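A.B. asks: As they're listed, the protein sequences go chains A and B. Per the working numbering, residue 2 is the first one in the first sequence, and the count goes up by one each step. Per the working numbering, residue 2 is the first one in the second sequence, and the count goes up by one each step.
These are computed hints drawn from the structure, not numbers from a lab. As the structure is a computational prediction, the values presented were derived from the model and not from experiment. Be aware that one or more of the hints could be misleading.
[Unchecked claim] When the alpha-carbon atoms are kept at most 30 Å apart in a straight line, the in silico BS3-like pairs for lysine-lysine are as follows: (1) 231(A) <-> 251(B); (2) 231(A) <-> 21(B); (3) 303(B) <-> 251(A); (4) 19(B) <-> 231(A); (5) 122(A) <-> 328(B); (6) 328(B) <-> 303(B); (7) 82(A) <-> 340(A); (8) 321(A) <-> 303(A); (9) 231(A) <-> 138(B); (10) 251(A) <-> 303(A); (11) 340(A) <-> 303(B); (12) 138(B) <-> 228(B); (13) 251(A) <-> 231(A); (14) 251(B) <-> 228(B); (15) 82(A) <-> 328(B); (16) 82(A) <-> 122(A); (17) 228(B) <-> 251(A); (18) 138(B) <-> 251(A); (19) 321(A) <-> 122(A); (20) 251(B) <-> 138(B); (21) 321(A) <-> 340(A); (22) 82(A) <-> 251(A).
[Stated by the list, open to error] Using C-beta positions, here's what the derived DEER-type ranges look like: (23) 260(A) <-> 138(B): 21 to 29 Å; (24) 107(A) <-> 203(B): 36 to 44 Å; (25) 99(B) <-> 107(A): 47 to 55 Å; (26) 306(A) <-> 203(B): 51 to 59 Å; (27) 279(B) <-> 257(A): 43 to 51 Å; (28) 277(A) <-> 7(B): 45 to 53 Å; (29) 329(B) <-> 285(A): 28 to 36 Å; (30) 197(B) <-> 253(A): 50 to 58 Å; (31) 304(B) <-> 108(A): 34 to 42 Å; (32) 75(B) <-> 348(A): 24 to 32 Å; (33) 169(B) <-> 317(A): 26 to 34 Å.
For every residue, glycine included, the Cβ atom is placed at its ideal position computed from N, Cα and C.
Each chain, written out:
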Amino acid sequence: MADTAPLAGIRVIDLGWLTAGAASSTLLLDLGAEVIKIEGPGALDPFRDWTGADGGTDWWNRSPFYNFTNRGKRSVCLDLKDPRGQAVILRLLESADVLVENFRRGILDDFGLSPRLLREKFPRLIIASISSQGMDGPDRDMVSFGSTLEATGGLAALTGPSDGEALITGRNINYPDQVVCLFASGAIVSALARRDQTGEGAHLDLSQRELTSFLLGEELIAEAAGLASKRMANASVDDLEEMVVQQDGKWLACSINCEVPVRDGTALAASPEFNAGTAILHDPDGTPAKGIPFRFASRPLKILSGCAELGADNLDVLTKADLSLEEIAALQDNGILAKAPRRGPAR
Amino acid sequence: MTAPFQGKRVLDLSAFAKQKPHAIATAMASKILASLGAEVHRPLPPQGDPFDDWGPFLPDGQSALARFLLVGRTDSAAIAWQNDANFDAAIGDTACVMNIQARFRLRISVFGTGEDPPMTELGLLALSGVLDAVRAKDGTPYRLAGHQAAYAAGLAAFTTVAAGLRSRCVDLADVSLFDVNCWLNWKAAATVVLFGSAAAQRDREQRSDWRTMQARDGYVALVYMNKDWPALRDLIGDPRLLEPRFATQKSRGEHMQDLNMIMSEWFAQRTRSEITAAAQARRIPIGPVLSPSELLQNPQYKARRFMMPDGTPRIPILWDGVAEPWKTAEGALNG
Numbered sequence: 002m003a004d005t006a007p008l009a010g011i012r013v014i015d016l017g018w019l020t021a022g023a024a025s026s027t028l029l030l031d032l033g034a035e036v037i038k039i040e041g042p043g044a045l046d047p048f049r050d051w052t053g054a055d056g057g058t059d060w061w062n063r064s065p066f067y068n069f070t071n072r073g074k075r076s077v078c079l080d081l082k083d084p085r086g087q088a089v090i091l092r093l094l095e096s097a098d099v100l101v102e103n104f105r106r107g108i109l110d111d112f113g114l115s116p117r118l119l120r121e122k123f124p125r126l127i128i129a130s131i132s133s134q135g136m137d138g139p140d141r142d143m144v145s146f147g148s149t150l151e152a153t154g155g156l157a158a159l160t161g162p163s164d165g166e167a168l169i170t171g172r173n174i175n176y177p178d179q180v181v182c183l184f185a186s187g188a189i190v191s192a193l194a195r196r197d198q199t200g201e202g203a204h205l206d207l208s209q210r211e212l213t214s215f216l217l218g219e220e221l222i223a224e225a226a227g228l229a230s231k232r233m234a235n236a237s238v239d240d241l242e243e244m245v246v247q248q249d250g251k252w253l254a255c256s257i258n259c260e261v262p263v264r265d266g267t268a269l270a271a272s273p274e275f276n277a278g279t280a281i282l283h284d285p286d287g288t289p290a291k292g293i294p295f296r297f298a299s300r301p302l303k304i305l306s307g308c309a310e311l312g313a314d315n316l317d318v319l320t321k322a323d324l325s326l327e328e329i330a331a332l333q334d335n336g337i338l339a340k341a342p343r344r345g346p347a348r
Numbered sequence: 002m003t004a005p006f007q008g009k010r011v012l013d014l015s016a017f018a019k020q021k022p023h024a025i026a027t028a029m030a031s032k033i034l035a036s037l038g039a040e041v042h043r044p045l046p047p048q049g050d051p052f053d054d055w056g057p058f059l060p061d062g063q064s065a066l067a068r069f070l071l072v073g074r075t076d077s078a079a080i081a082w083q084n085d086a087n088f089d090a091a092i093g094d095t096a097c098v099m100n101i102q103a104r105f106r107l108r109i110s111v112f113g114t115g116e117d118p119p120m121t122e123l124g125l126l127a128l129s130g131v132l133d134a135v136r137a138k139d140g141t142p143y144r145l146a147g148h149q150a151a152y153a154a155g156l157a158a159f160t161t162v163a164a165g166l167r168s169r170c171v172d173l174a175d176v177s178l179f180d181v182n183c184w185l186n187w188k189a190a191a192t193v194v195l196f197g198s199a200a201a202q203r204d205r206e207q208r209s210d211w212r213t214m215q216a217r218d219g220y221v222a223l224v225y226m227n228k229d230w231p232a233l234r235d236l237i238g239d240p241r242l243l244e245p246r247f248a249t250q251k252s253r254g255e256h257m258q259d260l261n262m263i264m265s266e267w268f269a270q271r272t273r274s275e276i277t278a279a280a281q282a283r284r285i286p287i288g289p290v291l292s293p294s295e296l297l298q299n300p301q302y303k304a305r306r307f308m309m310p311d312g313t314p315r316i317p318i319l320w321d322g323v324a325e326p327w328k329t330a331e332g333a334l335n336g
């Protein structure tokens, strides 16, 4: 039976790191695309570094959060800093539909892969650049993690006690890194829909800071009309009685018709709704894996495969791009194509 | 220039949703689809538009939420939407969507596949553990501002419907408000599932090293990875930070209170822009907490034409450098 997934037949080259880039590509995979993740032997996805990694092992294949996020992707380990590696990725892009990247601005240009050049060379390609500030503007080179953007995007200023400090979600959520995946994947699907009609690709410039502010649109409109926005603690603009209270040492969120516990990770993981839900699923080996935030009645909700080891698909992907076995062997001999990083685990 | 969903007819049933999070998520998804060229119809119930009653309210009495979410809809007064079998997609809560004929139907519910107990956005943030991550110094959990719980589900709904429209499939899809919020908060649950509750507890104790710090003129977000510590330590330049108890991430976690006390003196003496400039020069990802009024004047946003004069932000996608290039012939004028 033909694959009827919405993105069946779509090939994604994934240069995405951590959550914002990598998990956007994972959502495309969940919609049926083939995703080929490319990392360099000297430039691994930083998610591969993890506390507890033993330098005597293939630690790079064992990072729980990396494997959780990147399940189901094919893996190629190719040095994009080397012109020979750059020539290979250009070959791979010939048959690709989408390129996802969230490098620091300018890195893609350093690889000889500037969006302008790629648009000229591959007019049907959708290039999704996910960045903290966008491709241009005076803050273009500002270094940020997700929670930095909660501050610079306006969310922190409105979050927290009305007479106390502004708050951020922090390390565990890095909210702008999460929501951008839900949005960027839709933007990419939309660009593919447009290409279906026009034959034209596009370079999508997706700023996480702008998305953070966009998700406060009504507050910005109110502010521009002269109403000063402020922190409202746990109340909402339509229900000033909403609050979080402590009872017998436990926090409860109280609204009209709805009183529920404030769960921590342990309570969440133990809850029946969570276990019946889709936020964490399991790969065919039973390993917990990043879940899927949507379901289609016509398709089973499942993770089709686990995380590939670094470079596991080097040979297959390059052969299918018509590189000869001799060319591939030369790349391996020169360390351009690899199955292990050039360094030990981060300390 | 052709828009992605030009010619696609989408039914936005946000005005009929029985619960507010469902209504707001539906409207967010539909807003984005409308901006991408879909012909979005949004019928109203006889009693009027519930969004008109939801704040914040502008000086003219109009709802800022309605103004933000409902632009770009087609006037639906004239169409018999209930019997119209020519919609490419319909979005709404279970009761609405199950009675509609459309090729692709997306229903938004609390727990997925139509399970819908009474639920608020505060409740969703609490149940999914998002609230637990946002804590003040005294330990009280706080909601994320605005409508994040519903908007995040709206983004997931947008992506799902975009996929349905592109593939022209006949299907019924589900987006669960609870699942989406848990998906955002995956690391808390994954830490427990992968490493156990004890590890999650340790993680919790060390996690507050990302926080806001009081500056002379407001707050900054103090955000740094282990690799940034030497640069941060040297930036602050207090000899106490060289003590062995602050040498590793683990030991800093164990002495978090003292660490924050020492650092807070440095932050309190400087303005947000002084702190940000000094940190950015060392590539430490610290940034200022900016208010909406400051964002309206923000040079980055002005350079990228991110907001209209009335504060409305554009959809945060530029296509080859241009916002919604299909809207005007010149395109670039439409930033």
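A.B. asks: Decide, hint by hint, whether the structure agrees.
C.D. replies: Going through the hints against the structure:
{"no.": "1", "hint": "231(A) <-> 251(B)", "result": "violated, 36 Å"}
{"no.": "2", "hint": "231(A) <-> 21(B)", "result": "holds, 22 Å"}
{"no.": "3", "hint": "303(B) <-> 251(A)", "result": "violated, 45 Å"}
{"no.": "4", "hint": "19(B) <-> 231(A)", "result": "holds, 29 Å"}
{"no.": "5", "hint": "122(A) <-> 328(B)", "result": "holds, 26 Å"}
{"no.": "6", "hint": "328(B) <-> 303(B)", "result": "holds, 20 Å"}
{"no.": "7", "hint": "82(A) <-> 340(A)", "result": "holds, 16 Å"}
{"no.": "8", "hint": "321(A) <-> 303(A)", "result": "holds, 27 Å"}
{"no.": "9", "hint": "231(A) <-> 138(B)", "result": "holds, 19 Å"}
{"no.": "10", "hint": "251(A) <-> 303(A)", "result": "violated, 35 Å"}
{"no.": "11", "hint": "340(A) <-> 303(B)", "result": "violated, 45 Å"}
{"no.": "12", "hint": "138(B) <-> 228(B)", "result": "holds, 25 Å"}
{"no.": "13", "hint": "251(A) <-> 231(A)", "result": "holds, 27 Å"}
{"no.": "14", "hint": "251(B) <-> 228(B)", "result": "holds, 13 Å"}
{"no.": "15", "hint": "82(A) <-> 328(B)", "result": "violated, 39 Å"}
{"no.": "16", "hint": "82(A) <-> 122(A)", "result": "holds, 20 Å"}
{"no.": "17", "hint": "228(B) <-> 251(A)", "result": "violated, 36 Å"}
{"no.": "18", "hint": "138(B) <-> 251(A)", "result": "holds, 17 Å"}
{"no.": "19", "hint": "321(A) <-> 122(A)", "result": "holds, 20 Å"}
{"no.": "20", "hint": "251(B) <-> 138(B)", "result": "holds, 20 Å"}
{"no.": "21", "hint": "321(A) <-> 340(A)", "result": "holds, 18 Å"}
{"no.": "22", "hint": "82(A) <-> 251(A)", "result": "violated, 53 Å"}
{"no.": "23", "hint": "260(A) <-> 138(B): 21 to 29 Å", "result": "holds, 26 Å"}
{"no.": "24", "hint": "107(A) <-> 203(B): 36 to 44 Å", "result": "holds, 37 Å"}
{"no.": "25", "hint": "99(B) <-> 107(A): 47 to 55 Å", "result": "holds, 50 Å"}
{"no.": "26", "hint": "306(A) <-> 203(B): 51 to 59 Å", "result": "violated, 31 Å"}
{"no.": "27", "hint": "279(B) <-> 257(A): 43 to 51 Å", "result": "holds, 47 Å"}
{"no.": "28", "hint": "277(A) <-> 7(B): 45 to 53 Å", "result": "violated, 39 Å"}
{"no.": "29", "hint": "329(B) <-> 285(A): 28 to 36 Å", "result": "violated, 50 Å"}
{"no.": "30", "hint": "197(B) <-> 253(A): 50 to 58 Å", "result": "violated, 26 Å"}
{"no.": "31", "hint": "304(B) <-> 108(A): 34 to 42 Å", "result": "violated, 21 Å"}
{"no.": "32", "hint": "75(B) <-> 348(A): 24 to 32 Å", "result": "violated, 59 Å"}
{"no.": "33", "hint": "169(B) <-> 317(A): 26 to 34 Å", "result": "holds, 31 Å"}
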